[in-house]
Each structure stands twice: as structure tokens, then as C-alpha cells.
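Chains as they are written, first to last, in this note's numbering: chain B, 1 to 275; chain A, 1 to 275; chain Y, 1 to 275.
No wet-lab data here; the hints were simulated from the structure.
Computed from a predicted model, the values in this text were never measured in an experiment.
Just to be clear, a hint being listed does not mean it is correct.
[Unchecked claim] List time: in silico PhoX-like cross-link candidates among lysine-lysine, alpha-carbon distance up to 20 Å:
#1 A:K269 / A:K206
#2 B:K183 / B:K215
#3 Y:K14 / B:K263
#4 B:K160 / B:K130
#5 Y:K124 / Y:K169
#6 Y:K263 / A:K14
#7 B:K124 / B:K183
#8 Y:K54 / A:K14
#9 Y:K14 / B:K14
#10 B:K14 / A:K54
#11 B:K14 / A:K260
#12 Y:K206 / A:K14
#13 A:K269 / A:K215
#14 A:K63 / A:K124
#15 B:K14 / A:K124
#16 B:K14 / A:K169
#17 A:K14 / Y:K260
#18 Y:K162 / Y:K63
#19 Y:K63 / Y:K160
#20 Y:K14 / B:K54
#21 B:K269 / B:K215
#22 A:K14 / Y:K255
#23 A:K183 / A:K206
#24 Y:K206 / Y:K54
#25 B:K260 / Y:K14
Letter by letter, the chains look like this.
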Amino acid sequence: MVSVISLMTDFGSKDQYVGVMKSVILARNPAASIVDITHEIDPQNVNQAKFLTKCSYNYFPNKSVHIIVVDPDVGTNREIIILETPEAFFIAPDNGVLSEVVRPYVDIGYDYSESFVNPDGLCKLYALDKEQYWNQPVSNTFHGRDIFAPVGALLANGQKPKQFGRLIKTMMYDPLPLPIMGKNLIEGEIIYVDYFGNLISNVESKYISKDRDLKIILQGIVIENIGNTFNQSKTNGEFVALIGSHNHLEIGIYKGNAAKTAKIGEGAKITVQYS
Amino acid sequence: MVSVISLMTDFGSKDQYVGVMKSVILARNPAASIVDITHEIDPQNVNQAKFLTKCSYNYFPNKSVHIIVVDPDVGTNREIIILETPEAFFIAPDNGVLSEVVRPYVDIGYDYSESFVNPDGLCKLYALDKEQYWNQPVSNTFHGRDIFAPVGALLANGQKPKQFGRLIKTMMYDPLPLPIMGKNLIEGEIIYVDYFGNLISNVESKYISKDRDLKIILQGIVIENIGNTFNQSKTNGEFVALIGSHNHLEIGIYKGNAAKTAKIGEGAKITVQYS
Amino acid sequence: MVSVISLMTDFGSKDQYVGVMKSVILARNPAASIVDITHEIDPQNVNQAKFLTKCSYNYFPNKSVHIIVVDPDVGTNREIIILETPEAFFIAPDNGVLSEVVRPYVDIGYDYSESFVNPDGLCKLYALDKEQYWNQPVSNTFHGRDIFAPVGALLANGQKPKQFGRLIKTMMYDPLPLPIMGKNLIEGEIIYVDYFGNLISNVESKYISKDRDLKIILQGIVIENIGNTFNQSKTNGEFVALIGSHNHLEIGIYKGNAAKTAKIGEGAKITVQYS
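Okay, chain B solo, but in the shape it has when bound (with noise of 0.2 Å):
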């Protein structure tokens, strides 16, 4: 049976927070087999984690389960939730970090107010509340160890998500920003800077036109046109214009770091010009 369970943090790899979580799963689920996506989201940044849940989980088999320890809020109410989908099981803080994830199932079109939603019948939500299944004592401040870890290996190990915690209707909803689509340009913005540098937008491909002239534009940076790969242009410092991995528009420097060469970070404001 298929027991990948799959990591991701903001703890860093310094101390033996990440290593006792794995003991723990390990402890109840010999089998499992544990993929670290990263333990380096800055410290309590929600926002990069729902990037690269989106981006990760799809490639796993189907029904792995995702751990995802993104929690400014441990040990205060806030509850810890089972997200059941079609491709996975997802376990984090309710706190928006899954937004991206069950945006496919969430039923109210390209906009949206609500800062909870009640995801469609494909899926399933549950809060976890049976503790016997807990690590004991339960700390304040290691929910990872204590709770997300233990029922994470139970879960890979075939039993129901219901054993662990009561149905429930809504989750907390806090997506990533979508782009402004007008008649001759995109409004977008830079939702995520990579290890090199390079400049992730929230333009997926999928809004882009395929069949007209554009530029990009990123504070002062003209980009002429969106090529295929970093190496296009092998003038040193040019800035290129791609369709990443994940099918977001991203600004990237061939051999170089974007984001340091223009001191650009996340939040900054990225326009594609139609002709």
C-alpha cells in the first residue's frame, strides 16, 4: 500500500523539531515513506506555503498525505483540520494555508468575499478533536510533534479520517491574489521569489493570450516578449520572461538572480501589455 506522507514547515533544519516529527510518524507507521518539501518558509508566512502546497501536491500518488505546519497560532483555539480531496489528504492549521488547494472545489467563481467556505461534495473537512490519538502531553507550542505527526502515520497507514476528528462544513479561505484581467493587460503581482532569485507571478499561463503582442512589465524591467528558457539570452543581467514549471508567468536572469539584481520582492506589481 502507497504511504507517503509529505512534509513542509517554517522550522528550519537547524534543531530536532523536523527529525522528532519523523520519529513520531515513524514510530506509529514503519512503513511510511517521508518526502521533506521544505522546512525554509519564512517564519509564519502562510502565503509561501499555499504556493507550494499548490505546486507539489499533484505529483505525488494519490492519497498521500500532506502535512503542512505553517501556525503563528499554535496553542490557541484555532482548530487543526483534515482536508480530504480527490487527489490527497491535506492536515494543517486552519488558517488559510490550504486556500489553494481547495480553490477547485470552492463554488463562488473568480471572485470572492467570504472569509470561510464550505467546500464542494468531492471533498471532506473534519477538525481533529479525539486526543487518545495525540502524542501525551501535549505541548503549547509543538503541535507538529504532538498532533499533526501522529495522526499524519495513522492516516498513511490506511485508517478513516473520521476516527480522528468531527465533520465539519467550513474552512477558513484566504487565497492568493488573482490577477486583474483587462481588455489590453494583466495586473499581477509577484506571489513568490525561488532559491534563484527567480520572480513567480500570479499569471498563470492559462490567462495569458497566446496569439498577441505583448511586453512585461516590472517596475523599470521591459521584457519584449515570453520566451522558453533561461538561457534564451546569454547577455549577462538580462532580464527574461518564461512560463515557469508551475505554468506561472516568472521573471527570471540566466545565470543570475532576478529578484536581487532588481531588488524585487514579493507584493511588487508585475503588468503584461497587450500591443
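Based on the hints, put chains A and Y in the right spot on chain B.
Then chains A and Y, alone, in the frame of chain B:
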């Protein structure tokens, strides 16, 4: 059979060193589950390794094998030992790094003056000397690859520790400092700063009276009580004292870095002052 | 069946890239053991990857699959190759990154001038072109996910390399520089600086006369002999020369960082001067 091996080193993650240790393990024990505790112990900082080992081994399956390579004197005549406790096997240089895990089995009370101790009958201690199990030729600078990893692999595979070395009586003992208990105060010390900048002290919760009013004093900082969660105060920059997931008193800042803000590191004095 | 896959990339650990490669592998080969060599190769630094690959593959179980993605020209018409040697399978871009592992199988003596070589009959070489095994749609910028990982997963599962590509004769060859052997000296070069700041040269121990007195000269630094361990001199800041665990002459400082102290990096000249 459960066959979990944990690794803790100061090797960092830039080089091939950790991956090579894992390859040596898998070549001898293909079924081993290998868990990284951390490889970011500050170079040669044996004290950090003492604390993180103490915080992690208890969550692993019983009789897991914990390999600790923080070993400034690699290649000298220092011994490499196996410590078998009722909970686990530890493989480490005989440089005091196992002092915290052997402490419960050392019958010298709260104070101690010995540099070497004889763990009680619940433990066994071996010095590795059976070279036929080592990776040959043995290098002078990478015993992690050549001795720790191959022995750990076979130990996790169910072979007996006596196969790898001779029984010995004593091991080096240099535990972390204990707090000084006064009538109206506890004088402690910061023993570890974690990735979030939380300042973790040697004052375990068991030393603190639950029914007396108190305040915490850390250099110029005064904290009026011990709270439950980091977000109890959402005032920016306010220091919070709480009992961390390791049961030690720690000082942090909600969504902030206490160590950087206060410019305080390992070794700083901290006082619990009763009213 | 042994099914070990190693990964070496310049992807860092901040993003989802490495985790996604692992998910692609596990979806196709759930029993694979995946070992990270490193993901901290300096971006696009093919030379570092050459050295670390050379230092690591020999310790893995025979016929492990080593995936190396240091690939500045991803998305261009550079080939992705499988090199099968008697020891292992390597999957890498055809950019010279495998030069050190193929060197023993290249019959061109100590000097060479070719940019492409034809490995001898003990090796086989394939260019990947069977797209039915790739993750579709194939992106232009993340062949690690879309080509390297799925092919590596199946190769480690026992499928034959010819299934994934056509036999080819030659591969790009750009090995690390060899030292220049003089009558009374060896002129070498620093080829790698490790996490500890040890300066690792291209002077392998086999090139050094064991029975002649010598000194080591590295820019202004003169070291009078080759020692055995870092702690042979406990004088602070004193440079030590020794043969590292990879059998290369290296310069370090006991409990210190030689590269930072001496402000020396990759490419610096080093001389072994016989008396």
C-alpha cells in the same frame, strides 16, 4: 523489524558527507529508515548536540540507533562508544556528548565532580574496536563514514553491540549545567538558541513552583509570568516566557526573534525570581 | 532488490523542487530509497558537482542510480544521458558533469585535448528520447521533475537503460584540472571548499612521494609537513595539511575555517615543494 537510524552531525548540508554516510548504511542495511535530526550543529559544538539528543531520542521507536558525530578530535585516540540504554542505542565519540542521555542512569545525585562515570546496570557500554566491520581503508578525518555508519547499520539490523567492541566501564561525563536552586530564586542559564531565536534555558518545568508568583529576569528584560503560547501577547517585540515542548523554560517573541532582538546567546544567565 | 537513488542538484532547499522530484520517483517506484547527496551546489557550478559525484558514488550499493541536475542549459537541445559504468547508473545533462566518474574508462592518458570522449567497452551511454516515460507535459525549466526523476525511478526499479533512450558513442568531457608534476614540485589547484572551510586540492595522495621531505605552499602560507588529523596542532589559527577522506591533499584549521581565514577559494594555486 523496526530499523530506524537517526543522524546528528555538524557536517552541514553543502557537501557529500551526510549522503555518503547514508549510502554506507544502505549498502549494509537496505531496509533501514534513516532520519536526520540535524546536520547544523555549530561546528564542534558538543553542548548543542547534548541538548538536541536529549530532546529527540524519546520519540523514536524503542531500540532505535542514534548516531552522533560531533567529533572535534576525530583521528586521535579518543574512543568511539556504543551506549545501550533501555530506550536506545547511541553511537558517539567518547567526548561527553552523551552526558544528557546517560544522566538518568548515573548515580551521583544533583552535584557531580567526576569527569568519567560508570552508568548503572540498566546500561551497557562498549568501545568500538572490531575493525572488520569498518569501511576500509579507514580515513583519519571521516569516521562518520568509515566507523559510525557501518556499525550503526548492522546494529539497526539486529546484530549485538558486543560484536563491534569490548565492554567498558566508564564514559566521559560533562553534562549541561543545572540551575542553582535558591529559596526565592532559581539561577539558570541559556543553553540553546533555536532557529526561531527562542532562548531555551536549563530551568526545567519540574524545578519551578507552580503555586508561587514569580517573574523572569534575563539581562535587562523582565517578564511578569510564564504563559502558554507565543501569541499570548501580540504586542510587537514583547518578550514571552513559556515552557517549551522540551519542558524547559524558554523566552521568545511572537512572530519575532528573541535572540537577535535582545542580542543574547547561549551562556547568558536567566533568573526565576519568586515574589 | 536494492533500489537506491541519489540526488545531487543546485536547487537549494527553500522551494518545493527537490520534494517534487522525490514525489515523482515514489509515484513510479514506491520502494525506492532516496538519498540526498546535496542540493547546495552553487547555482550552475558544474565543477563542484563533478567533484562531489566522484567522492560519493563508490559508497553506494552497486548499480545504484545517481541523478545529477546541475543544468544551466535546461530546455535547450543539450542531451540528457544515462552513463552506465560497472559500478552505477548516472543520469545527468551532457555538459561534462560526469567527467570525473567516466575518467577511469577514458583511454586518453594523463593529458587530453578532446571535448568529447568515447568511454570504453565497460561503459554504455544513452541519450534519453523515449518521451512516453516522461512526466507530461514536459516543462522547459524543470527537467529534474519531468525527465530525470521518472527515468531514474524506473531504472532503479530494474528496467533497462535502452528502454529510455538510444545508444550513443560520445559524451562531453571536461574533467577537473590535474596537477602539474615537476621533478621537485607538484603544482596543484584548490578545486573544492567544503562546509568547514577546508581547502581541497586536486593533488591526490597517489601523486605525492611518501619518502621525500616536503612543504606545502598556498599563497603566503607555508606548511612544513602533511599531518594526520586536524587536531595535530591545537594552536589557534594554525593551518594544517592532510590527506582528506577523499584522498586529496587539503588544508584546514583545527576548529577553524581555513577558507575564510586565508580568504582563499576555488581556483587558488597550491604547491607541494620537495626539499
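Going through the hints against the structure:
1. A:K269 / A:K206: holds (19 Å)
2. B:K183 / B:K215: holds (14 Å)
3. Y:K14 / B:K263: Satisfied, since the Cα-Cα distance of roughly 19 Å is no more than 20 Å.
4. B:K160 / B:K130: Holds, because 13 Å separates the two Cα atoms, which is no more than 20 Å.
5. Y:K124 / Y:K169: Satisfied, since the Cα-Cα distance of roughly 8 Å is no more than 20 Å.
6. Y:K263 / A:K14: holds (19 Å)
7. B:K124 / B:K183: Since the Cα atoms of K124 of chain B and K183 of chain B sit roughly 38 Å apart, the hinted pair is violated (cutoff 20 Å).
8. Y:K54 / A:K14: Holds, at about 15 Å.
9. Y:K14 / B:K14: Holds, at roughly 14 Å.
10. B:K14 / A:K54: holds (15 Å)
11. B:K14 / A:K260: Within the cut-off at roughly 16 Å; holds.
12. Y:K206 / A:K14: violated (26 Å)
13. A:K269 / A:K215: holds (14 Å)
14. A:K63 / A:K124: Given that 20 Å is the threshold and the Cα spacing comes to 13 Å, the pair holds.
15. B:K14 / A:K124: violated (30 Å)
16. B:K14 / A:K169: violated (34 Å)
17. A:K14 / Y:K260: Between K14 of chain A and K260 of chain Y the Cα gap is close to 16 Å, so the pair holds against 20 Å.
18. Y:K162 / Y:K63: holds (15 Å)
19. Y:K63 / Y:K160: It holds: about 12 Å lies between the C-alpha atoms, which stays within 20 Å.
20. Y:K14 / B:K54: holds (15 Å)
21. B:K269 / B:K215: Between K269 of chain B and K215 of chain B the Cα gap is close to 14 Å, so the pair holds against 20 Å.
22. A:K14 / Y:K255: It holds: about 18 Å lies between the C-alpha atoms, which stays within 20 Å.
23. A:K183 / A:K206: Holds, at roughly 15 Å.
24. Y:K206 / Y:K54: Between K206 of chain Y and K54 of chain Y the Cα gap is close to 16 Å, so the pair holds against 20 Å.
25. B:K260 / Y:K14: This hinted pair holds, its Cα atoms lying about 16 Å apart.
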